[in-house]
Amino acid sequence: MAVRRDPATASHGGFEDEHRLRIESETITELLRQSLLPARLPEIPRAEIAARLESASRVNVSGDFYDCFAVEEDRWLLVIADVTGKGPGAAATASMVRYAVRTAASEGQNPPQIAATANRVVYLGRADTADRFATLAVAEISAVGEEFNLQTTVAGHPPVLLASGGEIARWLAAPGPLLGLNPDQRFKSRSSRLGAGDVALLYTDGLSEARIAGGRLGEEAVSAALIDHSAESAEAIASALAGLPAGGQITDDLTILVLKVN
Amino acid sequence: VEERGHGGAAFDPLDFDVRSEVHDPATVVAVRGEVDMNTAPRLEETLLAACDAAPQSLVLDLCEVEFIDSSALRVIILAAERLETSGRRLHVACAAGPIRRLLELTGVAVMVEIHENGARAIAAAT
Chain A
4 MAVRRDPATA
14 SHGGFEDEHR
24 LRIESETITE
34 LLRQSLLPAR
44 LPEIPRAEIA
54 ARLESASRVN
64 VSGDFYDCFA
74 VEEDRWLLVI
84 ADVTGKGPGA
94 AATASMVRYA
104 VRTAASEGQN
114 PPQIAATANR
124 VVYLGRADTA
134 DRFATLAVAE
144 ISAVGEEFNL
154 QTTVAGHPPV
164 LLASGGEIAR
174 WLAAPGPLLG
184 LNPDQRFKSR
194 SSRLGAGDVA
204 LLYTDGLSEA
214 RIAGGRLGEE
224 AVSAALIDHS
234 AESAEAIASA
244 LAGLPAGGQI
254 TDDLTILVLK
264 VN
Chain B
20 VEERGHGGAA
30 FDPLDFDVRS
40 EVHDPATVVA
50 VRGEVDMNTA
60 PRLEETLLAA
70 CDAAPQSLVL
80 DLCEVEFIDS
90 SALRVIILAA
100 ERLETSGRRL
110 HVACAAGPIR
120 RLLELTGVAV
130 MVEIHENGAR
140 AIAAAT
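Protein chains in written order, with this note's numbering: chain A, 4 to 265; chain B, 20 to 145.
Accuracy of the hints is not assured; some may be wrong.
[To be verified] DMTMM-like, lysine to aspartate or glutamate: derived pairs with alpha carbons at most 20 Å apart:
hint, chain 1, residue 1, chain 2, residue 2
1, A, Lys89, A, Glu33
2, A, Lys191, B, Glu123
3, A, Lys89, B, Glu63
4, A, Lys89, A, Glu29
5, A, Lys89, A, Asp134
6, A, Lys89, B, Glu64
7, A, Lys89, A, Asp131
I should point out that these hints are in silico values taken from the structure, not numbers from a laboratory. Quick caveat, the model's predicted, so the values are computed rather than measured.
Full structure from sequences and hints, please.
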């Protein structure tokens with residue numbers, strides 16, 4: 004996004020300056036937001052991935068991000084996180100979490116170990132930055148023959164949902180606390196097989212807590228929509244879920260990561 | 020500036036209220052409505068000021084709260100940690116329900132003392 008500078012009007016201040024500053028601010032926000040996201044999603048044989056990050060504000064970056072990358076030839080990591088607060092400080096912490104996760108994964112750590120590493124990084128970061136915490140969901144998928152093994156760890160984050168055969172399995176078991184509370188925190192994980200047609204959904208509370216007429220959307224509505232659309236492509240599922248908030252209106256950033264096995 | 024959504028004006032400022040009352044020797048910070056990104060700064064100001072006023076015990080009454088998000092959790096954590104430096108605990112009144120579940124799910128529940136209602140919280144705190 005470029006700002007055309009017209010010497011004849013540039014010095015007239017007021018509205019022009021305000022407009023220019025606003026556009027520059029939106030440009031910086033957009034760059035910051037993009038720096039937190041993968042440029043492209045990895046290709047996984049026999050599976051599709053789709054992601055959405057709908058921002059509540061054009062001028063204020065929030066602490067939501069998703070990430071997805073190959074750890075090895077047949078192993079991938081899906082990550083979604085939500086840092087408390089908004090603005091450049093939240094984005095800086097989000098960036099810290101993102102690279103803590105990537106570094107931990109590249110060192111061969113599994114999801115609970117990755118969460119423990121990210122937890123220590125957020126905890127230590129609290130000494131330098133404004134007090135910020137984060138929620139995190141990490142899912143590692145590895146190819147096992149025609150199927151995939153899925154291992155997930157959740158830290159203070161909404162559950163990972165699995166749609167399989169028209170039913171939802173909520174991965175609520177042993178969720179760990181928010182990142183940044185206790186430096187020695189250990190995390191647990193759950194594992195499952197994913198076969199053809201199965202869908203895994205990672206999302207931030209900007210989706211489940213989106214305002215609708217008469218209240219908040221809620222996790223039940225998210226689960227129901229996931230079942231309704233689970234036969235569709237990952238992209239179509241992501242679009243359907245992102246469209247759940249009435250009129251597309253959201254007050255918090257909404258982030259969605261969908262994995263569908265073909 | 021919120022570009023999308025209803026912003027705060029239609030809901031939060033009208034629904035939200037936080038007040039601090041002294042029930043000697045306890046101070047009770049009672050909250051009403053929704054605590055989210057828009058209203059959490061007001062909770063932070065009141066609750067941390069109450070911490071710094073160093074009452075013998077501090078109760079955060081969430082019984083009339085309809086919704087909290089992570090920005091509210093952040094404020095509760097900061098208050099609990101601030102009290103902990105002087106060996107005190109934050110007492111939270113919060114009936115069983117989604118808010119209590121969120122406190123438990125996020126690990127915040129173990130940092131505070133949770134009670135069924137305000138009266139029990141005050142009784143336990145004093």
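Going down the list of hints, with the structure as the test:
no.	hint	verdict
1	Lys89(A) to Glu33(A)	14 Å, holds
2	Lys191(A) to Glu123(B)	16 Å, holds
3	Lys89(A) to Glu63(B)	16 Å, holds
4	Lys89(A) to Glu29(A)	14 Å, holds
5	Lys89(A) to Asp134(A)	12 Å, holds
6	Lys89(A) to Glu64(B)	18 Å, holds
7	Lys89(A) to Asp131(A)	17 Å, holds
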